[in-house]
Amino acid sequence: ISTISKLIRTSVENYIENGPKLSYLNNISNLSKDLKTPLTPIKGFSQLIIENYSDKIDSNVLSKMKEIYTQSQKLEDKINEILSIIEPEKSKEKYDILIVDNDNSTITVLEDFFELNGYSCKGVSNGTKALEELKRITPKLIFISIILPDIKGNDVSDKIRSYKNLKDVPLFYITVLSETEAIKITNKTKATGYFLKPFNFTKLKRVFRYLEVSL
Numbered sequence: 151i152s153t154i155s156k157l158i159r160t161s162v163e164n165y166i167e168n169g170p171k172l173s174y175l176n177n178i179s180n181l182s183k184d185l186k187t188p189l190t191p192i193k194g195f196s197q198l199i200i201e202n203y204s205d206k207i208d209s210n211v212l213s214k215m216k217e218i219y220t221q222s223q224k225l226e227d228k229i230n231e232i233l234s235i236i237e238p239e240k241s242k243e244k245y246d247i248l249i250v251d252n253d254n255s256t257i258t259v260l261e262d263f264f265e266l267n268g269y270s271c272k273g274v275s276n277g278t279k280a281l282e283e284l285k286r287i288t289p290k291l292i293f294i295s296i297i298l299p300d301i302k303g304n305d306v307s308d309k310i311r312s313y314k315n316l317k318d319v320p321l322f323y324i325t326v327l328s329e330t331e332a333i334k335i336t337n338k339t340k341a342t343g344y345f346l347k348p349f350n351f352t353k354l355k356r357v358f359r360y361l362e363v364s365l
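Start counting at 1 in the sequence shown, then tack on 150, and there's your number in our numbering.
Treat each hint with caution, since some may be false.
Below are the DSSO-like pairs computed for lysine-lysine, each with C-alpha atoms no more than 27 Å apart in a straight line [claimed, not checked]:
id, residue 1, residue 2
1, K340, K279
2, K244, K214
3, K317, K290
4, K272, K206
5, K244, K338
6, K279, K216
7, K214, K272
8, K338, K353
9, K338, K314
10, K279, K317
11, K340, K272
Everything labelled a hint here was simulated from the structure, so no lab data went into it.
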């Protein structure tokens with residue numbers, strides 16, 4: 151509980167210190183990062199306790215943990231709702247990473263991880279939307295699921311590599327397939343690499359070097 155309290159105090163202090171700066175933010179990704187940075191550890195830590203220690207802690211403490219998690223989720227939903235209202239026209243939107251996956255939780259995990267490290271993201275749920283998105287935006291890096299509901303990820307990859315402005319963009323598969331199958335598809339389509347689910351975040355940090363290079 152004391153750790154959660156410290157996180158909440160830190161969140162409040164962070165808002166008091168940085169709140170006045172919000173009016174000077176230039177894009178939606180910075181606003182999202184400022185709001186979600188203190189929220190992510192509160193939500194994540196409470197979820198960790200609920201999932202792994204529910205049988206080892208007092209029922210009153212567990213009840214408070216569940217309330218913290220529920221309220222964190224509600225706050226996150228409200229943030230997303232507000233951001234969707236004030237979001238600039240899509241045609242003007244720019245971001246560092248495009249994430250293509252029909253699993254919303256995968257998109258959320260990757261968005262949280264990279265936004266906390268200073269990189270903006272956009273998630274889409276299928277290959278068709280990805281190709282439409284890439285007609286107007288050239289991201290620094292692309293994550294794409296091999297298994298998608300409309301077009302296979304490797305087919306989308308082939309299409310992406312046929313675009314002159316996208317042929318050199320680092321492209322990584324994200325997949326639940328076996329490593330053997332992932333390597334086979336990666337080599338066949340000449341993708342940059344792959345990451346297996348569930349993600350190893352230490353390995354994910356390897357892509358930072360691609361993001362530090364301006365395209």
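Exercise. Are the Cα atoms of K214 and K272 separated by 27 Å or less?
Worked result: With Cα atoms ~33 Å apart, K214 and K272 exceed 27 Å; violated.
Exercise. Is the hinted pair K272 and K206 satisfied, with a Cα-Cα distance of at most 27 Å?
Worked result: Status violated; Cα separation ~39 Å.
Problem set entry | 27 Å limit on alpha-carbon distance, applied to hinted pair K340 and K279 | 22 Å, holds
For this session: Verify the proposed pairing of K244 with K214, using a straight-line Cα cut of 27 Å.
Result: Distance of about 39 Å is beyond 27 Å: violated.
Problem set entry | Pair hint outcome, K338 versus K353 [Cα-Cα no greater than 27 Å] | Measuring from Cα to Cα gives roughly 22 Å; hence the hint holds.
Exercise. Is the Cα-Cα distance between K340 and K272 27 Å or less?
Worked result: With a Cα-Cα distance of about 23 Å, the restraint between K340 and K272 holds, given a limit of 27 Å.
For this session: Take a quick look at whether K279 and K317 sit within 27 Å of each other, Cα to Cα.
Result: 18 Å, holds
For this session: Below or equal to 27 Å on CA atoms is what counts here, so check K338 against K314.
Result: Roughly 19 Å between the alpha carbons, so the hint for K338 and K314 holds.
Problem set entry | Pairwise hint evaluation, K338 against K244, where the allowed Cα distance is 27 Å at most | 30 Å, violated
Exercise. Are the Cα atoms of K279 and K216 separated by 27 Å or less?
Worked result: Answer violated: K279 to K216 is near 36 Å, above 27 Å.
Exercise. Is K317 within 27 Å of K290, Cα to Cα?
Worked result: 12 Å, holds
Violated hints, in rising order: 2, 4, 5, 6, 7; the structure is consistent with all others.
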